[in-house]
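Student: In my numbering, the protein residues as written are -5 to 328.
There could be a bad hint or two in this list.
[Said to hold, decoys possible] Derived CB-CB ranges, DEER-like:
#1 I294 <-> H23: 22 to 32 Å
#2 E234 <-> N92: 36 to 46 Å
#3 E302 <-> E91: 39 to 49 Å
#4 R80 <-> R143: 19 to 29 Å
In case anyone wonders, no lab produced these hints; they're calculated from the structure.
Beta carbons are placed, not taken as given, at the ideal position from N, Cα and C, and that holds for glycine.
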Amino acid sequence: MSTSGIVYRPRRLRATPGMRRLVSETRLHPANLILPLFVKEGLQEPRPIASMPGHVQHTEESLGEAVAQASEAGLGGVMLFGIPERRDATGSQADAENGILQRAVRIARHAVATNGGVGGRPEPVIMADTCLDEFTDHGHCGIVTSDGRVDNDATLDRYARMAVAQARAGVDVVSPSGMMDGQVAMIREALDEAGFEETAILAYSAKYASAYYGPFRDAVDSQLEGDRRTYQMDPGNAREGLREADLDLAEGADMVMVKPAGSYLDVLRAVADRSDVPVAAYQVSGEYAMTEAAAANGWIDRRAAALESVTCIRRAGADLVLTYYALDIAGWLG
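Please model the entire structure based on the sequences and the hints provided.
Tutor: In structure tokens form, the structure reads like this:
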């Protein structure tokens, strides 16, 4: 026994960078990361998003370049969001054959076919947001009734049509994010009936009515007035998030998601413990913007904070992380 009386010395496993790397319990890899991308109809050149430094509303041309860059970096996937020139009450452009999001999917498909498999890596998975909020003139995620309610069941039909349109355009994964009851089952049935049995569903299962979405609304030129608290979840509710995940699993979700990530790691851990499918978490725009603002003021180390935050999301149980730091992290990991 040591003369100091210390029997256990955990610091032995922290003594050198090589030792710390050897015993690390949670690792980051580009294949676990998904990069959100925004494409705006009618733009002539990429438009910077002021509240999200380093990110832009893409033109259709620059979107292809961004997807190629994600492929070359070895990212696991890209998540596409479309911003149309014309909006209306039903979000008719959401499922239009030549709507901006369907065009974006085809552009991404071409980009990965041309640039995918760099260095023997698989092509990144193409995902698309399956929601109406970017396409409606009121900014809600569904059909709004004359008395101002979001009509759950009428919205499901629109989601089903949107999912099929995305699948026809070539998407790998549809991603219902509107938190409508029964959305996964409705979309699964529609996809199967249309012959798209292989198209996967990433369900935004526990999506909270969060203050951290502000910069995203800038990114998609949101028309929303009011809030989404009748369909997105109360931040104080954890058990409800587990119930939502259970329902999506029962309806056939291929993957489930918790959003936002950083303030809901307890929910993420609990969902991961009960899920038999991969679990995703979204490090949202507000989380990114806060880190960027603090780093710009010299208050924190940008790289260290980004790596730590995403590592913690993975540690809490996320198999996949949607993050605006995806390209940065891939570069840092080398």
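Student: Can you list which hints this structure breaks, lowest number first?
Tutor: Hints that this structure does not satisfy do not exist here, as all of them hold.
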